[in-house]
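In order, the protein sequences belong to chains V and L.
Counting from 1013, one number per residue, gives the positions in the first sequence under the working numbering.
Counting from 1013, one number per residue, gives the positions in the second sequence under the working numbering.
If you are wondering where the hints come from, they were derived from the structure by calculation, not from laboratory data.
Worth double-checking, as some hints may not be accurate.
One copy or two, it doesn't matter: identical chains are merged, so the pair holds either way.
Here are the simulated SDA-like pairs of lysine to any residue, each with C-alpha atoms no more than 20 Å apart in a straight line [unchecked claim]:
id : residue 1 : residue 2
1  : 1326      : 1287
2  : 1082      : 1065
3  : 1326      : 1293
4  : 1088      : 1244
5  : 1344      : 1147
In this text the structure is predicted, and so the values were computed from the model without any measurement.
Listed here are the chains, written in short residue letters.
Number of protein chains: 2
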Amino acid sequence: MATMNWAVIMAGGVGERFWPMSRRKRPKQLLPIVGSRTMIQQTVARLAGVVPPSRMLVITNADQAPLIRKQLPRVKHIIAEPVGRNTAPCIAYAAAIIGGRDPNAVMVVVPADSFIPDVDRYRRVVCESLELAGRENVLITIGIQPTSPHTGYGYVQVGERLSDRFWKARRFVEKPDRATAEQFLASGEYRWNAGMFVWSLRAIGEAFQKHQPDMWLDARSLKRAYPKLEKISIDYAIMEKAGNVIVANGDFAWDDVGDWAAVERHGGRVGPEFVSVDSTGCVVAGEPGHIVAAVGVDDLVIVHTRDATLVCRKSDAQRVRELVKKLAAGKKYQKLL
Amino acid sequence: MATMNWAVIMAGGVGERFWPMSRRKRPKQLLPIVGSRTMIQQTVARLAGVVPPSRMLVITNADQAPLIRKQLPRVKHIIAEPVGRNTAPCIAYAAAIIGGRDPNAVMVVVPADSFIPDVDRYRRVVCESLELAGRENVLITIGIQPTSPHTGYGYVQVGERLSDRFWKARRFVEKPDRATAEQFLASGEYRWNAGMFVWSLRAIGEAFQKHQPDMWLDARSLKRAYPKLEKISIDYAIMEKAGNVIVANGDFAWDDVGDWAAVERHGGRVGPEFVSVDSTGCVVAGEPGHIVAAVGVDDLVIVHTRDATLVCRKSDAQRVRELVKKLAAGKKYQKLL
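In isolation and in its complexed conformation, chain V is listed as follows (with noise of 0.2 Å):
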């Protein structure tokens, strides 16, 4: 029987670090961050050379849906979630629902916001791993090759070489602190682990029957049972358990763009016009036509919307959601969310 490939992106992040740009009902991933098109629009175009935008699905919630389905026309499973749940019942969810259509189906599940420029070699090894997940009954993460000891991701461990492209994964890591981080890049056994999954709705059927049997419904019986189902991420609930866990070569460069010191890194994008004098090293965002103007300033995000302004020294980016935790605690905030 031929095995189908199908795309499943998970687009339930807040994006509090992008605020004011992004909203509760604008997160991250459909706003033009880095580029022209949305984060999602991106992933979406990434993807259309190996799955049709038929056998794509959408995870998200309730607040983003109406505008997803505006950003992405030819996308027509965008799903909402019927209560956050993180990712291990939201791909259980995705599964059940591709599995009452194409119970063959070999699936790559990815995050609807990263940035991944080289769209050809990332192709490549989604393919690569695709056609692997449908032979054999395992469970693939593509891990990024690291260029910085970041301690914001997590790492797996990779073990013993299968092929050019794969190796068996030996152990995964959550956020390591710093000396660690360096470690694992100096031993080069380390990759992040980016959150882009490869697997056959039967390897990942098996998986969960085995560590999370209470998730592995149909689509009917899980999004009554959705609310009730435990907050967890699909490493913790299965990856880290299972033993058929394969890790991929993902030699493409990949930034989750996490705040908005990221967004230098790839050029920023379109805004407002900025005049400066003595100014510099200044990440600028906001709506084109309004102008934004610095005098002796260095080093900072400066983003505009028409309700809201935000200066932000850029080291200082990821306190953007302190600031956003503040808001949501005075009332009066609430439609700045």
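Put chain L on the given structure of chain V with help from the hints.
This is chain L only, laid out in the frame that chain V set:
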């Protein structure tokens, strides 16, 4: 013959250093930079204890006149200069208009944009000066007790003491360097020359006839001659040359609120909501209803307006002028000036 007191308010300043809030048609004096009323409204209210609004004359330019009429509905004499020519021609023009109505006038001449919180002390100095100028053929400058070795102001050295309130002027000094300003402060003999003058029409007329005879004409002739008059300050044209200059002891706090950093000294202004994480010493201004948020930044000026946002190091607040010059040089930015 009884003398009548008049007030001349000079409102020609362009207020570039308050961009983007200040624009050509709404410079600093027409903004509520400090307090809830605009600078010119505060100036009129301060003088209203000494001179009735019917004998106040505002000299401005065609750009600002419409908004000034709106802001000062009780002031009848609001005159637009044909072109901007600095303070000497401006004062000659005001004197010509007043002279046509009241040849025995005594007048106080002030800029529209000073900040003087102690209204009672201010009125006392103005009243005593008007009284002296009504009696004697003198040109009075109100000299402010310096509180710092400011290098941005002109100074006047006092000579012989005439009374509790008045000295003869010895000499005027343009903006000094730092060391000189420190000597001035230490000596106790120098006062800030704040651009506030008191004299009778007769006394200033004699001084103009002696030192600037081309400028002393009736209002109609002056209006015609105006574009050809020298751009020259009253200090340079008259005060530095006249032998009958008196310094009044301006024993009140005074600030010309020269830039956004100065606003902070006076409690800032009502503006946008400000929410911050780990940020100190910021001066935030803008329109109510907008929110400005800061993360990890110190000592910045952040100003939001509908079409432009400024972020400026507080110690560089004077350099906003450079930015405005840069904008003025760009065709597409004209609507922002």
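Status of each hint after checking the structure:
1. When the C-alpha separation of residue 1326 and residue 1287 is checked against a cutoff of 20 Å, the pair qualifies both within a copy, at 18 Å, and between copies, at 18 Å.
2. Only within a single protomer do residue 1082 and residue 1065 lie at most 20 Å apart by alpha-carbon distance; the minimum there is 14 Å, versus 61 Å between protomers.
3. Taking identical chains as interchangeable, the C-alpha atoms of residue 1326 and residue 1293 lie at most 20 Å apart whether they share a chain (9 Å) or sit on different chains (18 Å).
4. With identical chains, the CA atoms of residue 1088 and residue 1244 are never at most 20 Å apart, being 27 Å at best within one copy and 74 Å at best between copies.
5. When the C-alpha separation of residue 1344 and residue 1147 is checked against a cutoff of 20 Å, the pair qualifies neither within a copy, at 56 Å, nor between copies, at 61 Å.
Violation of the numbered hints given earlier is confined to hints 4, 5; the remaining hints are satisfied by the structure.
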